[in-house]
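Peer 1: The chain contents come next:
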Amino acid sequence: MKNNQLRLGIAAVSAVTLAALTACSSGAAAPSGAASPSGDLSANTNPVSVLIGSSGDAETTAVQAGVAAWSKQSGVPAEVKVASDLTQQATQGFAGGKPDDVLYVSTDALAGWAENGSLEAYGDQLSNKADFYPGLVQAFTVDDKFYCAPKDFSTLALVINKSLWTDAGLTDNDVPKTWADLESVAKKLTKGKVKGLVVSNEVQRLGAFMAQNGGGLVTDGKATANSQQNIDALAFVKKMLTEGSAAFNSDVGAGWGGEALGKNLAAMVIEGNWITGAKKDYPNLDYTVAELPAGTKQGTLQYTNCWGIATDADNKEGAKSLVEFLTTKDQQLAFAKAFGVMPSVQSAADGYKADNAAMVPFINGAAYAQNLPAMEGASDVFGELNSKLAKLKGSDPKTILDGTQTDLEAIVG
Amino acid sequence: MSTDTTQVRVPSPAPATSRRGKGINSQTGAGWLFVAPTVLILGIFLFVPVLMAAWVSVSDWNGRGSPFGGTTNFVGGANYAEMLGGRGLPARDFGTSLRNNLYYVVLVVPLQTALALTLAFLVNKRSLKGKGFFRTAFYFPSVTSSVAITVLWLFLFSASGAVNGVLSTLSIQGPNWFQDPRGIIHLILGGGDAPDALSRPGFLGISPWEWMAGPSVAMCAFILMAIFTTSGTFMLLFLAALQSIGEETDEAAMVDGASTWQRFWHVTLPLLRPTLFTVITLGLIGTWQVFDQIYTGSQGGPSKTTLTPAFLSYTSAFESQRWGRGAAIAFILFAIIVVFTLVQRLVLGQADPTEPNRRQLKQDARSREKAASAALDPTVAVQGSKGVD
Amino acid sequence: MARTSKAGAAGERQGYGWVINWAILFAIALVYIFPFLIQVANSFKSDTEATNAGLALWSNNWTQAAYTTLFANSNFGVWTMNSLIVTVLVTAGRVFFVSLAGYALARLHFPGRKVVFAMLIGVMAVPGVVLLIPKFLVIKQLGMYDTYFGMILPLLVDAAGVFIMKNFFESIPVAVEEAARIDGASTFRTFWSIVLPMARPALMTIIILSFQGSWNELNHFIVSTQSPELTTLTRGVASLASGQLSSGNQFPIKLAAATLMTIPVAVMFFVFQRRIMNSTGGAVKD
Numbered sequence: 001m002k003n004n005q006l007r008l009g010i011a012a013v014s015a016v017t018l019a020a021l022t023a024c025s026s027g028a029a030a031p032s033g034a035a036s037p038s039g040d041l042s043a044n045t046n047p048v049s050v051l052i053g054s055s056g057d058a059e060t061t062a063v064q065a066g067v068a069a070w071s072k073q074s075g076v077p078a079e080v081k082v083a084s085d086l087t088q089q090a091t092q093g094f095a096g097g098k099p100d101d102v103l104y105v106s107t108d109a110l111a112g113w114a115e116n117g118s119l120e121a122y123g124d125q126l127s128n129k130a131d132f133y134p135g136l137v138q139a140f141t142v143d144d145k146f147y148c149a150p151k152d153f154s155t156l157a158l159v160i161n162k163s164l165w166t167d168a169g170l171t172d173n174d175v176p177k178t179w180a181d182l183e184s185v186a187k188k189l190t191k192g193k194v195k196g197l198v199v200s201n202e203v204q205r206l207g208a209f210m211a212q213n214g215g216g217l218v219t220d221g222k223a224t225a226n227s228q229q230n231i232d233a234l235a236f237v238k239k240m241l242t243e244g245s246a247a248f249n250s251d252v253g254a255g256w257g258g259e260a261l262g263k264n265l266a267a268m269v270i271e272g273n274w275i276t277g278a279k280k281d282y283p284n285l286d287y288t289v290a291e292l293p294a295g296t297k298q299g300t301l302q303y304t305n306c307w308g309i310a311t312d313a314d315n316k317e318g319a320k321s322l323v324e325f326l327t328t329k330d331q332q333l334a335f336a337k338a339f340g341v342m343p344s345v346q347s348a349a350d351g352y353k354a355d356n357a358a359m360v361p362f363i364n365g366a367a368y369a370q371n372l373p374a375m376e377g378a379s380d381v382f383g384e385l386n387s388k389l390a391k392l393k394g395s396d397p398k399t400i401l402d403g404t405q406t407d408l409e410a411i412v413g
Numbered sequence: 001m002s003t004d005t006t007q008v009r010v011p012s013p014a015p016a017t018s019r020r021g022k023g024i025n026s027q028t029g030a031g032w033l034f035v036a037p038t039v040l041i042l043g044i045f046l047f048v049p050v051l052m053a054a055w056v057s058v059s060d061w062n063g064r065g066s067p068f069g070g071t072t073n074f075v076g077g078a079n080y081a082e083m084l085g086g087r088g089l090p091a092r093d094f095g096t097s098l099r100n101n102l103y104y105v106v107l108v109v110p111l112q113t114a115l116a117l118t119l120a121f122l123v124n125k126r127s128l129k130g131k132g133f134f135r136t137a138f139y140f141p142s143v144t145s146s147v148a149i150t151v152l153w154l155f156l157f158s159a160s161g162a163v164n165g166v167l168s169t170l171s172i173q174g175p176n177w178f179q180d181p182r183g184i185i186h187l188i189l190g191g192g193d194a195p196d197a198l199s200r201p202g203f204l205g206i207s208p209w210e211w212m213a214g215p216s217v218a219m220c221a222f223i224l225m226a227i228f229t230t231s232g233t234f235m236l237l238f239l240a241a242l243q244s245i246g247e248e249t250d251e252a253a254m255v256d257g258a259s260t261w262q263r264f265w266h267v268t269l270p271l272l273r274p275t276l277f278t279v280i281t282l283g284l285i286g287t288w289q290v291f292d293q294i295y296t297g298s299q300g301g302p303s304k305t306t307l308t309p310a311f312l313s314y315t316s317a318f319e320s321q322r323w324g325r326g327a328a329i330a331f332i333l334f335a336i337i338v339v340f341t342l343v344q345r346l347v348l349g350q351a352d353p354t355e356p357n358r359r360q361l362k363q364d365a366r367s368r369e370k371a372a373s374a375a376l377d378p379t380v381a382v383q384g385s386k387g388v389d
Numbered sequence: 001m002a003r004t005s006k007a008g009a010a011g012e013r014q015g016y017g018w019v020i021n022w023a024i025l026f027a028i029a030l031v032y033i034f035p036f037l038i039q040v041a042n043s044f045k046s047d048t049e050a051t052n053a054g055l056a057l058w059s060n061n062w063t064q065a066a067y068t069t070l071f072a073n074s075n076f077g078v079w080t081m082n083s084l085i086v087t088v089l090v091t092a093g094r095v096f097f098v099s100l101a102g103y104a105l106a107r108l109h110f111p112g113r114k115v116v117f118a119m120l121i122g123v124m125a126v127p128g129v130v131l132l133i134p135k136f137l138v139i140k141q142l143g144m145y146d147t148y149f150g151m152i153l154p155l156l157v158d159a160a161g162v163f164i165m166k167n168f169f170e171s172i173p174v175a176v177e178e179a180a181r182i183d184g185a186s187t188f189r190t191f192w193s194i195v196l197p198m199a200r201p202a203l204m205t206i207i208i209l210s211f212q213g214s215w216n217e218l219n220h221f222i223v224s225t226q227s228p229e230l231t232t233l234t235r236g237v238a239s240l241a242s243g244q245l246s247s248g249n250q251f252p253i254k255l256a257a258a259t260l261m262t263i264p265v266a267v268m269f270f271v272f273q274r275r276i277m278n279s280t281g282g283a284v285k286d
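Chains as they are written, first to last, in this note's numbering: chain X, 1 to 413; chain C, 1 to 389; chain Y, 1 to 286.
In case anyone wonders, no lab produced these hints; they're calculated from the structure. The C-beta atom is built at its ideal place from N, Cα and C for all residues, glycine as well. Heads up, a few of these hints could be off.
[As the list claims (entries may be wrong)] Over 10 Å on every C-beta distance to chain C, these chain X residues come out as not near it, computed from the model: (1) 44; (2) 91; (3) 251; (4) 264; (5) 321.
[As the list claims (entries may be wrong)] Cβ-to-Cβ under 7 Å is the rule here; a few derived chain C residues that face chain Y: (6) 41; (7) 45; (8) 74; (9) 75; (10) 76; (11) 78; (12) 80; (13) 84; (14) 134; (15) 160; (16) 327; (17) 332; (18) 334.
Isolated chain X, as found in the complex (with noise of 0.2 Å):
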């Protein structure tokens, strides 16, 4: 009988207290209650929170100021926060019903928060539209609606340190243009504590590899991971993995390509156009760039983000505005100047060569860049992939690269 109590008893408690949370909930379950006045900006003064993952302090600051230009120009205040783990933060935000009002959105990332309504699709009403690249707009398209307008573009590059690469006898006749130069220069770089070439151990940064090779984890919309394009590209990169000459980030105790390069760490490196931010960190550091050499063609990766808005944010006109400001002419460029990408907007193409003639290979590379695929469960299957690269050394490549194409045959199509 006291058992029976004691059931009954914990059956009580638990149903009460469950029927009054279903309770609570059906007030609260309501998303984005207060909707903002539509058009008239003045209405609406709730501040604007935008959270990025940026890729250094050049990054941080030069958005911030954007930001802060902004708000002095709108009279709404707004503010910067940076994510040390975007995704987590962002899916939490949209999950606790808060989320910040702009975010930085990925391609991988796009297909999932889109999904599940989270991200507000408003491409369409954005005044500067005509003015994206095609392909960019392309991207950042899910089911035919133009989802966020994109921030700018990066592609990869070599990158090489001018002061170790003239150390060890070598000139501008010397930048490899194909693999083979890129090998024995690579030999040539490694001494003592240096690697001729750093690279990071992911997916993002080896794939520009198979493109120059003539594969790709996705072609024309079929899984083609373990093609042997594909697994002579990793086979490349384990070669020099054993030989010596090439050395992953976390090997030589590098937190990315930048950081290596700028404490003397490897001769050569592969980035993207952030490579920038290294030479605020490492005020020392003297890199040119050059376009990546090739393998059966050229190839390389090339990557873009948009500023997302929040289906709940507290301020979506605000928002809008805010991205409308950062996407314009004069607002890509300042950020080009401060960490290196490249404008999506046609109209600043001109103006970016000219400012930044360093950087011409980055933008050279545009023309033949690949994109990585990008459907829902595309990270998840990098993720895997990635783990599995960081012991390339010890692995086989092919059967890396099977795994892989069961993997994305799963999400694929």
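With chain X's structure known, arrange chains C and Y on it following the hints.
Peer 2: Chains C and Y in isolation, oriented as in the chain X frame:
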């Protein structure tokens, strides 16, 4: 109220427990009032969440709005099936996390128990000077935050850190601990390639070769950290038990000619069984839930070799937005912990076979300890072995 | 006679064994203490020196650059303040609620007492990891996500603490309360003015354990907040250690942060160590 008193059977024969005297109503009222905050808070924030998570784990809630809202559907065991039955990426991640955590448990629990017991034994020796210093030194790491210790550990075990520095004085080239994904069993077996026969996907999508990998070098760093931080707490538990056992039995055995080892194994250890049971149970529960250190230190890397089910549950929900999957993982983990605790009870046996549950066992142990110390009190006072220095 | 001679021999053996025992223990104790010395020492070195000469406890170039950068470039002050607010409120709340509940379970007779007791046991049996996601859901449903309320309220009660108080109250002789009852005191009065003051040792234990527990708490804050303004020390230092805000080898800053955050718990530990260690030996809490 005073009239009520006269109507109650005042000369009650059992004074200590049945105070059915004046104020039974106020006792009920007061009783409920006193426990109300506790019941409410624990109920809402511990009890109900478990029910809510159970619902989410059998639904397809996508992260926006209420989980009880209109767009969420019941999907039955789909999330569980995805974890346990499939060959896809989620199942493989879950299998990997289980493997990692299994090695962690299997190494940490025995090692920390043995170390705690040894330290307690050594510190308990009557002739030891400076007991307080030693107790403090061994217990201090347990007091610090797991975040602070993880930060410290990342520094000590970095490629050019203190640990590798010490190893180099012994002419050993230390690995780049937190970046090294190689399993130690693979390393012991010579570090070659996986034989084909063992490479096909097996239980939970992980090949037998991978199951045999052992903890990775990075995971070993975490194992050492766990032992470092929890051995002190358990040492104190053993110390308390040893002190309540007292020296009488040990001395008697010594007089009878038993060697140190015999005394330890046949006399002391059986008396310590309840405490041993508690320590191992707590160890199991704690090690199966390792999260803070992974969150702060390695986030599952390198190569997912420090991924644990608790962390996977968190990332599935808070990063990949697969809330149903995350909740399912948490419940599977709950089941695993319960199973391990039950198995441990079976293996270790129970002090008194008529006590079916853990609470009773603890209470029993505590009361036995109290009785033992009370019995030994006069002699304890004389020998001064209750170390309050 | 045999006994004394054996005891005498034992005494001599103990003479040797004493030294070895002490030496072993001392060596192990050094291994336990050394990491913390390294932590403090390296927080006062430069980045490169910490990376290259981490083992050295002495530096020729002591610098407090790490500490100044820590305060300049991160919200360490905010984090500390948040940790303080939460810890103080949680500790105060716990002492109050837990002693009430413990007293009720120990001394008061009311229907449903067994249910409450079973519930407490049940709660202690649920591993924390199962609660990570669901606590987030409940906090969000109740509308207290990302507020101080959501950070503090769920921590205000702790089942183990209730047990500690209950056990303590059970050891107080009933006669004291009976005397108060006969004098006409209400239940609450009896509790508040008579019994509670006698519980000072147990209350101290609760205070110490609550302080330690809430100061070092991490995963509750991960799920209950997201704003930078509400970040506590644990979350803040964790973000320094990993994620995009930390880079490669800036160890002195991270070590400085870890050192500073350990100081309050360490101070509390050294002041109250005897009580902590005696109570931990008897009452299990992690």
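Peer 1: Quick check: which numbered hints come out false for this structure?
Peer 2: Per hint list: 2, 3, 8, 9, 10, 11, 12, 13 and 17 violated.
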